[in-house]
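Each chain, letter by letter, is given below.
There are 2 protein chains.
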Amino acid sequence: MKIAIVGLGLIGGSLAKAIKKNTQYMCYGLDIDKQAVRSALEQEAIDSEITADKLDICDIVIISLHPVQTIDFMLANKDNFKKGGIVIDTCGVKGAIVDAVEKPLADAGVEFLGCHPMAGREFSGFSYSVDNLFEKASFIITKTDSTKQQVLDTVTKFAYDCGFAKVVVSDTKEHDEIIAYTSQLAHIVSSSYVKSPSLMRQAGFSAGSFKDLTRVAKLNEDMWTPLFMMNKDALVSEIDHIIEHLQEYRDAIGSGDKESLHELLKKGRELKELSNKHLAELTKEN
Amino acid sequence: MKIAIVGLGLIGGSLAKAIKKNTQYMCYGLDIDKQAVRSALEQEAIDSEITADKLDICDIVIISLHPVQTIDFMLANKDNFKKGGIVIDTCGVKGAIVDAVEKPLADAGVEFLGCHPMAGREFSGFSYSVDNLFEKASFIITKTDSTKQQVLDTVTKFAYDCGFAKVVVSDTKEHDEIIAYTSQLAHIVSSSYVKSPSLMRQAGFSAGSFKDLTRVAKLNEDMWTPLFMMNKDALVSEIDHIIEHLQEYRDAIGSGDKESLHELLKKGRELKELSNKHLAELTKEN
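The listed protein sequences correspond, in order, to chains W and Y.
Mapped onto the working numbering, the consecutive letters of the first sequence carry residue numbers 1 to 286.
Mapped onto the working numbering, the consecutive letters of the second sequence carry residue numbers 1 to 286.
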């Protein structure tokens, strides 16, 4: 099978390295950044560079660009993909991407499937890519009413071949709602956390919890701005939830209400434990 | 030198193990939980059990109980400590503790110093204690106008002997303000984070950021409730700050204002990078 990766950044580069490490597939790369292509060739993450007009030799093309560029590239190149071939993306939102490209690609005879490899680092670019980024990660596939079973099977097998721990089949609505909570909200909270006037006083006074809460504040704003905007409703709802809950703690502390504070903290601990238990059970089942 | 540890929980137990691993000091233990004492003896974390009326054989007594019990124990036993000996605590707030015990202990001829070993785990009790908990940690000492230089020197040497990476001398006001941000707010945010209705849907849809943001939600509410209450003003101010900032992101996203959102995220990234750089410079200096 021949694979092409369009966009050799952190995710595209790591996918290329995972493919070459774990599979026998031919892997082609395309990037407007020629240094990324050279590095990918030098590090044997790709077998060869490819141009857009040659993409029709590939069975699976992975578009691993920022959200807007992902849509633009697919629409501009819809006639360059192999007829009956598969095109997937790797964006962190799915509704806006799938809505924009599924129909035009189908009309061009191409099978599109929205995908989301659930891993990342607080760094961008090929130079940070690693061959084991996805070892413990989920590969989420969002199927639609038009998705063919054979396409789903091929992409599922491909993800496991690359070394993903688990393939999760979802739909765009479910994906975007849950991702707003598990990933997007985390970035918003972390980015808000570092805005306290106390930030520059923390040296020597912080331990693991501060580090954990602020790690992803070091984000790529060019990528995250469109991701957040494309998932506005779900994300606003999650931000509203956490503000509402923070306000409860604030009021209990501000008014010296020990019993309420104790209850809020206890409930939080119990929820965290329940969620850990649920996760452990699901992991055992699989 | 003879050391006693009152309270063989996660912190007291880890201190005992660090003392026996890194120093030649005799280490005595006291706990109302007899199983903790037995385990500490079996694991050679303490040389011997000690009773409160024998504490005057020890040069340094470390009170490692929850905040209210810390104060109660010190006041009830002020005449049991060695005259001229040193008593320290390990609580996560310092103003309320120091205000309550410094004078009574001084009147009883005992040198009290408020301390805070900056490490923890999301588990409680001796069975989770480890001998390397403090290897990368700061040991914060809060001195007051009454603190004698010789006491400061002795406790500083003791902390380095135990294996702490760094001793930070502060005062109760500075400590409590910064800790409200670096540690207490992290626990409040994490505890609020898990209260979204999306919590139980996250399996398969989460990566490192969700794990990081929710790790410390698994907290001990019996310990944290008084810690938060004893640091009410600083903590309320930090919660207000983060709510205010979250609201800015929420408004930018809700109104579709890409430029403002991009600017908010960029500023957050820059602050995080600045804080990392500041930390790296301080580490280099020391």
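Worth double-checking, as some hints may not be accurate.
What the hints assert, rightly or not - Within a straight-line C-alpha distance of at most 27 Å, the following computed DSSO-like cross-link-like pairs (lysine-lysine) qualify:
(1) LYS211(W) / LYS277(Y)
(2) LYS211(W) / LYS232(Y)
(3) LYS211(W) / LYS83(Y)
(4) LYS83(Y) / LYS157(Y)
(5) LYS232(W) / LYS78(Y)
(6) LYS173(W) / LYS258(Y)
As the list claims (entries may be wrong) - In silico negatives: residues of chain W with every beta carbon more than 10 Å from chain Y:
(7) THR51
(8) ALA106
(9) ALA108
(10) LYS166
(11) GLU174
(12) LYS195
(13) ILE242
(14) LYS266
It should be emphasised that the hints constitute simulated quantities derived from the structure, not laboratory data.
Just so you know, even glycine gets a beta-carbon here, dropped at the ideal spot from N, CA and C.
I'd like to know which numbered hints this structure contradicts. Please list them from smallest to largest. Hints 3, 5, 10, 11, 12, 13, 14 not satisfied by this model.
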